[in-house]
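Peer 1: Listed below, chain by chain, are the residues.
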Amino acid sequence: MSVLQEVKTLTINGREASARGDETILEIAREHGIFVPTLCHLHGLSPVGGCRLCLVEVEGANRLLPACTTRVGEGMVIRTDSDRLKGYRRMILELFLSERNHTCSVCVSNGYCELQSLSRDAGITHVRVPYRYQRYTVDASHELFVADQNRCIMCTRCVRVCEEVEGAHTWDVQGRGIEARLISDMNESWGDSDSCTSCGKCVQVCPTGALSEKGKSVAEMSKRKQFLPYLTLMRDKWK
Amino acid sequence: MGKTITIDPVTRLEGHGKITIHLEEDGSVRESFFHVTQFRGFEKFCEGRPFAEMPSLMARICGICPVSHLIASAKACDALLAVRVSDTGANLRRIMNLAQFVQSHALSFFHLASPDLLLGMDADPASRNIFGVLDAHPSIARDGIRLRKFGQQVIERLGEKRVHPAWIVPGGVSAPLDTKVRELILAELPEMKEIARRTLAWYKKAYRAFEAEIATFANFPSLFMSLASPRGELEFYDGQLRMMDAAGNVIHGNIESNRYHEVIEEAAEPYTYLKFPYYKPMGYPRGFYRVGPLARLNVVEQCGTPEADREFREFQQLQEGAISSSFHYHYARLIEILHSLERMEQLLDDPAILNKRVRAVAEPNNLEGVGVAEAPRGTLIHHYKIDEHGLIEWVNMIIATGHNNMAMNKGVTQVAKHFVQGREIAEGMLNRVEAVIRTFDPCLSCSTHAVGQMPLEIDIMDAQGEVIRRVVRGAP
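Chain order of the listed sequences is A and B. Per our numbering, the first sequence runs over residues 14 to 252. Per our numbering, the second sequence runs over residues 1096 to 1571.
Relax, there's no trap hidden among the hints.
Below, simulated DSS-like cross-link-like pairs (lysine-lysine); rule was C-alpha separation at most 25 Å, straight line: (1) B/K1451 to A/K229; (2) B/K1451 to A/K236; (3) B/K1139 to B/K1480; (4) B/K1451 to A/K227; (5) B/K1256 to B/K1244; (6) A/K238 to A/K250; (7) A/K236 to B/K1256; (8) B/K1244 to B/K1288; (9) B/K1113 to B/K1098; (10) B/K1480 to A/K229; (11) B/K1480 to A/K227; (12) B/K1139 to A/K227; (13) B/K1480 to B/K1370; (14) B/K1275 to B/K1451; (15) A/K229 to B/K1139; (16) A/K227 to A/K238; (17) B/K1256 to A/K229.
Calculated directly from the structure, the hints in this document are not laboratory data. These figures come from a predicted structure and were not determined experimentally.
Chain A on its own, in the form it takes in the complex (with noise of 0.2 Å):
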């Protein structure tokens, strides 16, 4: 039996628990029906920690850590819930509302959108952070898909789903810090993209509407995450 297969035991939010030594914080809290609000991460994708909504308290560690990329450990105690936790977690949706343009009312995922829900359960009103309103070109020269960055949170699970599922690597990164943005194939417009196989997946698995499908009115773009489960599950069954 490998040391990541041994019995861990634990205790999250005052509640005793055991998990698998290969299991994430994520995993234990959602086993026992703890919510962590999350946004990169996607089951079905590699966790990259990138969006700090997840940072929960460990005991013993100087720091907050991230509950999709931390394994657990024996004896810790771990709480997700605390005050300090969630304003932070409220400061993080502030900052992802004030970077680009996120208006609800008029955007096509108006309603099935996940940055609008969380920041809805967290019980925002305003953002109290001034709004950069930088101005991003809408990409809709792609045949059935439309790439608007104003809506884009950097999530990266479109770059992670083209890349780990499809196969592809049509999507990638371009620029550090504030100034990083989505690019397709080296920084060209989608619609002339020579990797792209124009499967869909980065549009059902982007939670806002910075993907969408082409011709969707506001309210419209309802995504389809449950494929991608079933694909790696049957990725690895047959690997």
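Fit chain B to the known structure of chain A by using the hints.
Peer 2: Showing chain B alone in chain A's frame:
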């Protein structure tokens, strides 16, 4: 050099406007201007957006008649797609638009205009509002609130939201009609028609007390424009444009909506953000025209529903040729409420309204599209150009209030010349200057309006531009 009186903001309107009255040395009125002081830039910030977002983006122009913008915008998008919307899809859009007419006309007549009509132009401004009407004439106020609620509820039942529903989309509507919704609306229509009938009966007696206002409220010859069906009936959703002269002759008929720019051009004036459209063959400013309820009833030959047609024939007796006093916008509005309710009933009674094919799907096939519809306040034009990927490149809109701009300015001058005299300014006299604007029910920015107690500021300025007297009404 004389004095200037400023009324700012003008109350009981949708949006913010200002009136200035310039006096001669002897205190008589030289001229008056109606200024629209807001600038919003919708035509600019839509550039670069996918065209399918346009109906919802454009609907945000207005919280009172968003449905009209939805319809004109969706029709412009239909033209971009080059599709023909199914009959059921078009009729469902019509029903929502008719509901919009009922609620908007009810708002204009009962909430905004009726205080002047019921309590008098000279009544105390503190109670000259819908609450004053509720105290003095509770049954009429209740009728108005009920009628407006009905219109709003129909919109909500069809589109899930009272304001800015996303149900009207390029190619049709996004979901077919639910049988239960149809029954709910049909069950309430008889009560609404009864309200419309008794309001008309009351109004036909009441308006006779306003002879001086009828004679001076933008009462002059002008052109009139509206859509009409091929049979010359009232048509809010589709049809062709018609231009009529003051004698009542159609001088330009069967104007296809996508050729509006062949007959209409816009002029700009430095004192207002609102442009001045005019009938091109007659030039500016001679070719000014009016739109809205009065224009529509002048332009059409019949309403096309039985009860409204009876009222329409009585209405036509007011004057030979085109009816020229803008005071009669109120009367025309009430006939249109009755017509809208009747038409809604006709459309809902047809079993085909439940058909499931309500949306045509296509890629954009034209790079340019025009959508024209009648909004409660008049003809509404949306005109878009897109690039080959379907992103908006250029937008032009002519809003109903714009068409009426010249008539409102002339109306303000006419009423000020009649009622404003000397250096003492009576409150009721200024209210009449506002009331002439109210007859047009302009939607200035299409933003919210306040009830009654909006501050009204009047500045009297001497030749050097110094304020020598300031009258402030209401509290900010």
